Amino acid sequence: MVMLTRPPTERITERVNRRGGLEPARGPKRATIVALVLACAVLLVLDLTGPVLTPARRLVGEVLGPLESAAATIAQPVTGIPGWFDSRADLREEIDRLSKENGELRQQVATIPYDANRLAAYDGLVATAKSIGYAIVPAHVVGYGPAQSFERTVTIDAGSSAGVEADMTVVSAAGLVGRVLRVTSTAATVLLVADADSVVGGRVGSSMEAGFVRGSSTDPERLDLELLDQTEVPAAGDTVVTWGSAKGAPYVAGVPIGVVDSVYTSLRDSTRRARITPFVDFTALDLVGVAVPSGTHSDRRLIDADGVIR
Amino acid sequence: MRRWLLLGALVVLALVLQVSVLDAFAWHGIVPDLALLVVVGAALVRGSEFGMVAGFAAGVLLDLAPPADHLAGRWALALLIVGYLAGRVGEDDTQAPALGRHRVAPATVVATVAAGSFVGSSLFALTGLLLRDPAVGIGDLLPAIGISLAWDVLLAPFVLPPVMAAFRAVDPVRAR
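Heads up: the sequence lines are chains A and B, in that order. Reading the first sequence from the start, the letters are residues 1 to 310 in my numbering. Reading the second sequence from the start, the letters are residues 1001 to 1176 in my numbering.
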């Protein structure tokens, strides 16, 4: 029978016996128990209070780390044993799974530049919405008007059900694109500012002089600015923005159109005109936005005037 | 002196095997507690005082060796108590040399390992719960304790006899 409590005298004799090796000792000294349990408590408290034990962990790691890596290397043939029990079907299944995953990852990698561009375009649209103070219906350009019909129009994939109506301003992240000519329920036709028939009220940013920006019939990559005040000569590099119309139709105010490239005098009517390089590349339009009043009901998520997408 | 060296070597070996080799055979991520088996073996042969010290030393090493990130002292406390219990079992079982038995019966060894594994893992889990060291619930702890118990009992017949024989061999006079 184990006697957990013993009188001290008996304990002493026991110790003596144990030293003599005649009789088996029974249980450890109480001091040992207390010391060891206290040591555990001290360790716990030390580790709880702060990084006191970090050097000790480091030291043990320095010694045992190499041993562990050596053991892992030596034991490689043994640790591979569970793999022997993989059946052919298991491996085949794994190959299928991995090749499927590989395909998905490849596709993701391949579309990263495209996704990055799209993200930049959306970010730009958000910035545009903030700067012009209108909500924006995001839309993609899905069709270009043929050049042989001598008109610069595009089709976008947002129509009346998205809240788009005729005579609304179409912008992109870079600047002014054009205005909506007519809508169907799911699509809209946009007249680009580069069209020869397009006239936009523009204002030179540095002098606030007003004028008209027209599409150039001779150079599809340029616009023409005719200032109302013929004495004002815009400097090259000046930015031209829309001056805006009543109620924001067809053009809202403050949308950048382009920069002044050069100034020339028209031989026909001896007026001074400026050639404008538009901010928007009309041949590579993708994501555009239609400026709509804030709170418009739409079948898609709008970028609101405060930059929030709802 | 030699038994301390033996203890150190065995504990380090157990720890390294447990961390680097046995993880390939882990079941739900749980590996056999080789260090606990060494402590039980040492305590069965050398008694509870040596068992306690062995448990403490092995526990501190488990607490500080590289992959460990729990509070130091948790395994030390758990294995300390395992060493004590196993030591008492060894002392009791060899109390009567008159029976002619000099060694701990195999069934007792396995039972001690089972009890020690349960007590050790439970204590480790309980201190974790009390100190909120890893924030896991009791529902996650019980299966872990059960699986490690099964592992330890499974490995006991292979690990304990050589460990106990080694501890008897290094210091035969005072061994039980």
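Don't read these hints as lab results, they were simulated from the structure. Bear in mind that the values here come from a model prediction, so they are computed numbers and not experimental data. Glycine residues also receive a C-beta, built at the ideal position from the N, C-alpha and C atoms. Any given hint could turn out to be false.
[Unchecked claim] To list a few chain B residues with every Cβ distance to chain A over 10 Å, as calculated: (1) Met1001; (2) Val1019; (3) Gly1029; (4) Leu1061; (5) Leu1064; (6) Val1110; (7) Leu1129; (8) Asp1140; (9) Pro1143; (10) Pro1161; (11) Ala1169.
[Said to hold, decoys possible] What the simulated footprint calls covered on chain B by chain A, stretch by stretch (three residues with Cβ under 8 Å from a Cβ of chain A suffice, anywhere in the stretch; the number is not a length): (12) 1080 to 1091; (13) 1116 to 1126.
Please flag the earlier hints that this structure goes against, numbers listed from lowest up.
2, 4, 5 and 13
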